[in-house]
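Chains as they are written, first to last, in the working numbering: chain A, 1 to 177; chain B, 1 to 747; chain C, 1 to 320.
Don't read these hints as lab results, they were simulated from the structure.
Keeping only pairs whose Cα atoms sit at most 25 angstroms apart, straight-line, the calculated PhoX-like set for lysine-lysine is:
no., chain 1, residue 1, chain 2, residue 2
1, B, 74, A, 124
2, B, 743, B, 656
3, A, 124, B, 48
4, B, 553, B, 506
5, B, 510, B, 48
6, B, 558, B, 48
7, B, 717, B, 664
8, A, 137, B, 558
9, B, 554, A, 124
10, B, 166, B, 141
11, B, 107, B, 510
12, B, 49, A, 137
13, A, 124, B, 49
14, B, 70, A, 124
15, B, 74, A, 137
16, B, 74, B, 48
17, B, 510, B, 166
Derived coverage of chain C by chain A (criterion: at least 3 residues anywhere in the stretch with Cβ under 8 angstroms from a Cβ of chain A; other residues may be distant):
no., segment
18, 17-29
19, 95-102
Stretch-level coverage of chain C by chain A, calculated; a stretch enters the list once three of its residues show a Cβ under 8 angstroms from a Cβ in chain A:
no., segment
20, 6-12
21, 75-85
22, 180-193
Glycine included, every Cβ here is placed at the ideal spot set by N, Cα and C.
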Amino acid sequence: MRYAMVIDTLKCVGCSDCVVACQTENDVPIGYCRDWITETVDGTYPNILLELKSERCNHCANAPCVRCCPTGASHIVEGGIVLVTAEECIGCGACIESCPYDARYQHPDGYVDKCTFCHHRLQKGQLPACVSVCPTKCMYFGDLDNPNSEVSLLLKNRKHKTLAPEAGTDPHVFYLI
Amino acid sequence: MIASRRKFIKISALGLGGILASTSALNIFGKNSYLNEKVVKNISKNFKKTATYCEVCFWKCAAWAYTNEKNEIKKIIGNDDDTHCNGRLCPRGTGGVGMYHDEDRLKTPLIRTTINGEETYREASWDEALDLIASKFKTIKETHGAEAIALLKHGSPGSHLEHLFKAFGSDTIAEPAYAQCRGPRETGFGLTFGSWVGSPEPTDIRDTKCLVLIGSHIGENMHNSQVQEMSDAIDNGATIITVDPRFSTAASKSTHWLPIKPATDIALLLSWMHVLIEEELYNKKYVEKYAMGFDELKAHVKQFTPEWAYGITTIKPAEIRKAARAMANAAPATIIHPGRHVTWYGDDTQRSRAIAILNGLLGSWGNRGGFYFKEKIKVPTYPHPAYPEPKWGWHNLGEQYPFAEMGITSEIIKATIPSDDQKHPIKAWVVAGTNLINTLPEREKTIEAINAVDFMVVIDTMPMEITGYADVVLPECTYLERYDGIRSATNRTPSIAVRTPAVKPKYDSKPAWWISKEIGQRLGLEAYFNYNDFEEVIEWQLNKLGTSLDEMKKIGVKNFERTSGPLFLEEDQEYEFATPSGKIEFYSQQLANQGFDPIPVYTHHPEPSQGFYRLNYGRSPMHTFSRTINNPNLSPLKDENTLWVNPKVARILDLKKNQEVWLKNQDNILSTFSIKVRVTERVRWDSVYMYHGFGHNNEKLTRAFGKGISDTELISKVVVDPIMGGTGLRGNFVSILTENPHKNTEI
Amino acid sequence: MIQEELFTSGRNIPNIDPSLEIWHWPIAVYLFLGGLAAGILFFGALIYILGKEDTYPTAVKSASIIPPIALSLGLLALVYDLTHPLYTWQLYTTFRIESPMSWGAWVLLITTPLSFLWTFSYYREVYPKLEAKLKVFNRFNFLKTVEKFTIKNRKNIAYALIPLALILGVYTGILLSAFNARPLWNNAILGPLFLVSGLSTGAAAIILLSKTKAEKHLFGKIDLGLIIVELALITHMIMGYFSGSQVQLEAMQLLVNGDFTLMFFGFVVLLGLIIPGFLELLELLGFKVPVVVPALLVILGGLIFRFVMIEAGQLTRFLY
Ligand SMILES: Nc1nc2c(c(=O)[nH]1)N[C@H]1C(S)=C(S)[C@@H](COP(=O)(O)OP(=O)(O)OC[C@H]3O[C@@H](n4cnc5c(=O)[nH]c(N)nc54)[C@H](O)[C@@H]3O)O[C@H]1N2
Ligand SMILES: Nc1nc2c(c(=O)[nH]1)N[C@H]1C(S)=C(S)[C@@H](COP(=O)(O)OP(=O)(O)OC[C@H]3O[C@@H](n4cnc5c(=O)[nH]c(N)nc54)[C@H](O)[C@@H]3O)O[C@H]1N2
Ligand code: SF4
Ligand code: SF4
Ligand code: SF4
Ligand code: SF4
Ligand code: SF4
Ligand SMILES: [Mo]
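Isolated chain A (complex conformation) (with noise of 0.2 angstroms):
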């Protein structure tokens, strides 16, 4: 098993819909976020490339958030996701300072939260709250080690990248493009 996330940026409008459902969702505090919306503009009028895009914690393979958590509060749970248990963490930042993806924040509540796959949901058999809302169903979300999943099928057949290769880390989330 290993949960990868695809976001398609040709259909993405950046509407922000996936943020605000996390929020609600995942009781995050109003003020931050686990998910987020970037855009990228490209050439001069009127010959422009515009590329909008849901981002967040990558769950990467080779996280070094994990590797520089002095508790263990970051740790990898099946499927390959990223977790922080909330009372073993101390709140030493290390692990948002070696994050090239600026994916966690400082919970006012002192720990440190992220993007969880929604691993709540996923027991369920749920889809990720910000994949099941997306208005442009731009989102998918599955299993890599099938080769028949909806996602190993996209990587597959289209043209994808993933954020900042070159920091090492091993992203688990795919953009189409």
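With chain A's structure known, arrange chains B and C with the ligands on it following the hints.
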């Protein structure tokens, strides 16, 4: 590495997989309950689902409101069976929880009083506020007639008040969704196809092969199922053509983007017709069978070559031809989208006509991948005595505009401002669910009218700008706290959806149905409100529709079979359009009879003078107009608007990213607040762009106050559509000030 | 070339946007104190093992008061910067071999008590007057047993302290350099650089407290050597950025041609290394230089260096 005990617990809990297992396993070890809550917070919650439909915009997606054990609304999720949302709300609908939670909400009725010479509000009881309203209504009715009380409304509260007004004898009713929004296209399509476009638009986007968006910025305009279907169209490899002077999100998803010079769309549309006809690409069979006026049209557009249009629109002839051929190639599965907010330049009905005619030429109306024949369920009216016949109403106010089909807000304003030739003076206003100050152009006139009324009631959920002008402010509870009318909208298949309260009204707020009923009773209109709770009305209606409130509470949405026939025209089907000729009218005798151009013509519109830029505006995908800017869930996503400026302009004016600037329009109106510059290639050099809805100036909106600029306050000039009275808003020009013009004055 | 890149939905997370401010001054202080303590402990233990504690008593005896205080304050500073400090004990439920922070926590856990014991073993010798006043040994008899034990085991403690001090010194740099995500920090030089810098501040502290000319002279020489090594390492580090990736080039700009240039070149390199090095050289050559001046400059330079690295490092990132 030491395997800590806690980790062991976690794994074993995972192993058991169950919700109960994980909580109890944690409990066995007697952990701090506060922490326990942290670990299992998302897992253990027992949610209750309540059926509702969304009120954050007017797409009315059916949804479930989830409340936890403490009866707090935690999240809202789309109803899977609903054709408006297919289980997925848009960001605003998902953030609808904030409408309920916003601690800035109106909390009690307020009555305007004077304390120490200063006007202010005092809190009042509902009885006092409603008694006051009823007594004012009575006096105005006695002296001026019930018709002199106008209702300006939008959204769900509107229908309850409309009932009250009609029962009371006033049909002086209007909403901004007509003359500031959809009016021109309804008239334009009505004149052509004999049918309104309506909402949701009957566009078969999911099956289209070619989608043409004229300004319509789907993706930023988040009308839900439309966004979803456009995404399906992308998946299906449909050709998307976007005509927009700005590189909109939709433009970025398009096969062809035509960066048109603003205000020249009719020229482009005419040249497209020219190409289709001259190159014989139009749908001949369809046109022959269903349309009239083709020859006149052909003769009319003969002169409008792409070369001619190039000089006007700046779009290269080759591009125009390429796009026209792509449309024809895909036809009839081609949609030239009617747009929605179409009150642009005052010739909007004609532009909508041109769009309709183009669709007619391609044969898309009534064909798969084009426009489907919509259908809706008629919800039976709860029995009440017949309404009295008012002596005058919105019809009379809009007389000047022969094809106006709904009340025109700006005409109500005109009729409120005292003048010599006033035939139908308006003396009082009830405003419900519309923030006229940030909604209507020519703000000065709106305020002049407000100053002229004897009495004004505002029913709102939030202390929006408009509430500050009221004599009585009534706090409505949010859509999550009330019953409302049954939603029945046109779609591929008819459906109904219910809105039931997920929680009790917060603070001392009340639903609009209750407010209407209470006022009605005080006016002796009990017979019209023959129920204790609106629940009874819905229950009665649902029973008539073959279901029940109990069932609807469980399913939220009920879909029905179509009864009006197939979605699309059958091969060679005889079909009568609801136009005078029974045909699609390329040539409109109706228009000709009233002295308007029977076939659209291009007219030149003013352009910005030196140092001025056209004020362009549009939707931010995560906000609805001015209503969500203060929403605690949505405001952090975008808490202020920015001024999009082309890099060339930035260079000339020496503007830097994030620099604060002020705007001054052609009528020397200054923006109240400043706005940060966004230097971007996405906007043309002759325009600036901003999201509509920002720049709130009511300090009670703690998150929204002073954030960004209100486009509305800079729209002081309108070009009125002579056909239906729509107010063209896009003809305003602004200059950019880098120094604070208010430095020496109090804001 | 990217024309424009921005957050569409306002990311404005406290301490993260627009740039990281997760680690504040306490971390810089913590790293500085750790390096200082490591330096003193290293020299003290080394000289003791070499049997030279009578020739160079400051290093072994009187300066040994600094490490336990520095380490305690450093730990306090660290805990002060934690956002979930009540859970600090979680550091000691596990040892994470890949986590520098974990290494640091454990090394501190062992080093700090050892440094206390070391100081304690010299307490009555170095501070007879204080003991005369406090009379703790009279009040608590068991202290004598402890003292006897520590004095007997001084050599063992010293043997333990040498590697521990080195690990501690390197750790202060590795903690940062392990962060791949912060291009300014992510280079192999930072460990040795922070170690050398720590040793240098340690030597400077010994000079400050020293009363004999011979000892001042020796540590002046040591310090000069360390300064030269440090300068070489800094040059090496900058060269490393130069040949690095785009993000590293951008990171370097902060130091070389940006907001931190004055701080870095003015205060750290010039005032904290070159000038004190020059003064120490003059002193070695027989000129009369008040050695307090270079020593203080070195210590101050070391502190500022850590502030600069912490602050600037958090401004550097991979994306955006
Ligand atoms: N400058 C400019 N003007 C425009 C537009 C534009 O793009 N630019 N767009 C035009 C268009 S297309 C339209 S449709 C109109 C929309 O115009 P409006 O409908 O006036 O839009 P909002 O600003 O959202 O105002 C809605 C008001 O309803 C209140 N409200 C929300 N929910 C409830 C409720 O449940 N009950 C009650 N009683 N009140 C509620 C909100 O607090 C707010 O005060 O604006 C038009 N005007
Ligand atoms: N997120 C969100 N979605 C909404 C709403 C909302 O408030 N928020 N409101 C809903 C409502 S009521 C409405 S009416 C719709 C409105 O949504 P639309 O009908 O899509 O809006 P318009 O204002 O017609 O279109 C705005 C676009 O027109 C472009 N434009 C400006 N001038 C010209 C021109 O001269 N020619 C051409 N071709 N294009 C031009 C602008 O650059 C912008 O991209 O949105 C609906 N959806
Ligand atoms: S919800 Fe979907 S379309 Fe909207 S921003 Fe997120 S990924 Fe993009
Ligand atoms: S994205 Fe950041 S937080 Fe997530 S696994 Fe990778 S390094 Fe860790
Ligand atoms: S902040 Fe928490 S999760 Fe992050 S490294 Fe420190 S202890 Fe681990
Ligand atoms: S997967 Fe879940 S936690 Fe992660 S961003 Fe999506 S909604 Fe948030
Ligand atoms: S489109 Fe969005 S805001 Fe409008 S009704 Fe649907 S969910 Fe609500
Ligand atoms: Mo609208």
